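Those protein sequence lines, which keep their order, are chains A and B.
When you line the first sequence up against the numbering used here, it's residues 1 to 113, in that order.
When you line the second sequence up against the numbering used here, it's residues 1 to 114, in that order.
Hints in this document: simulated from the structure, not taken from any laboratory.
Hints are supplied without guarantee of correctness; some may be wrong.
Listed next, the in silico DSS-like pairs over lysine-lysine satisfying Cα-Cα at most 30 Å (straight line) [what the hints assert, rightly or not]:
{"no.": "1", "chain 1": "B", "residue 1": "K11", "chain 2": "A", "residue 2": "K70"}
{"no.": "2", "chain 1": "B", "residue 1": "K11", "chain 2": "A", "residue 2": "K105"}
{"no.": "3", "chain 1": "A", "residue 1": "K105", "chain 2": "B", "residue 2": "K71"}
{"no.": "4", "chain 1": "A", "residue 1": "K70", "chain 2": "A", "residue 2": "K36"}
Here are some chain B residues pointing at chain A (derived, C-beta under 8 Å) [said to hold, decoys possible]:
{"no.": "5", "residue": "I26"}
{"no.": "6", "residue": "G40"}
{"no.": "7", "residue": "G42"}
{"no.": "8", "residue": "P43"}
{"no.": "9", "residue": "Y48"}
{"no.": "10", "residue": "N51"}
{"no.": "11", "residue": "E56"}
{"no.": "12", "residue": "F65"}
{"no.": "13", "residue": "G72"}
{"no.": "14", "residue": "F74"}
{"no.": "15", "residue": "A88"}
{"no.": "16", "residue": "E102"}
{"no.": "17", "residue": "Y104"}
{"no.": "18", "residue": "F105"}
{"no.": "19", "residue": "G108"}
If you're wondering where the values come from, they're calculated on a predicted model, not measured in any experiment.
Note that the Cβ used here is the ideal one computed from N, Cα and C, for glycine as well.
Read off the chains here:
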Amino acid sequence: GQQLNQSPQSMFIQEGEDVSMNCTSSSIFNTWLWYKQDPGEGPVLLIALYKAGELTSNGRLTAQFGITRKDSFLNISASIPSDVGIYFCAGRLVQGGSEKLVFGKGTKLTVNP
Amino acid sequence: DTGVSQDPRHKITKRGQNVTFRCDPISEHNRLYWYRQTLGQGPEFLTYFQNEAQLEKSRLLSDRFSAERPKGSFSTLEIQRTEQGDSAMYLCASSLRGNSYEQYFGPGTRLTVT
């Protein structure tokens, strides 16, 4: 099936540092979304991207939709302890008219105070 | 709270038993999705409804799984003759047609099959 390669798998950073994570795929997506999930909870939508090249911010979060439509990145600036969690990228495929989202395996973020 | 709700939050069952989960979407959302998530993985799509019509099903949805959305509002996911491999978090999401790419998730139902 379709795969999203998300990296890094985990990150350990100090409070105040900036963070960058990305997703790549061999397939073309027409929508990219970034979610954050806390333990035992459902994913929470952070940012949605709809156009190739689009750069969107949500507070300290910035995400970009790659020009090739096969990748996206998420940056978090000035990290704080509550940024701890697992960040997932998700894409909606172009072909087949599917409405499903394909998810990466997540980036686990740990922020040391 | 007007978000997606799921019930129960946790379910422990013995192998071979049937279980049913419920999802209540955001009230004005007409699309509803079910996903399954295992440890260390992202959510995997199972099926989705637009109003009461089930429009897409994954090959992950074996014949032991059935989902319904009889009145186009809440949905149920039933697993018959549960197996240990069914242990996972079952997530429900909803979206609004026209802006359907933004799916909002509920807190999930954690199923443990012993």
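Taking the hints in turn, this is what the structure says about them:
no.	hint	in the structure
1	B:K11 / A:K70	violated, 38 Å
2	B:K11 / A:K105	holds, 24 Å
3	A:K105 / B:K71	violated, 34 Å
4	A:K70 / A:K36	holds, 21 Å
5	I26	violated, 12 Å
6	G40	holds, 7 Å
7	G42	holds, 3 Å
8	P43	holds, 5 Å
9	Y48	holds, 6 Å
10	N51	violated, 13 Å
11	E56	holds, 6 Å
12	F65	violated, 15 Å
13	G72	violated, 16 Å
14	F74	violated, 16 Å
15	A88	violated, 13 Å
16	E102	holds, 5 Å
17	Y104	holds, 6 Å
18	F105	holds, 4 Å
19	G108	holds, 5 Å
Hint compliance for this structure: hints 1, 3, 5, 10, 12, 13, 14 and 15 are broken, all remaining hints hold.
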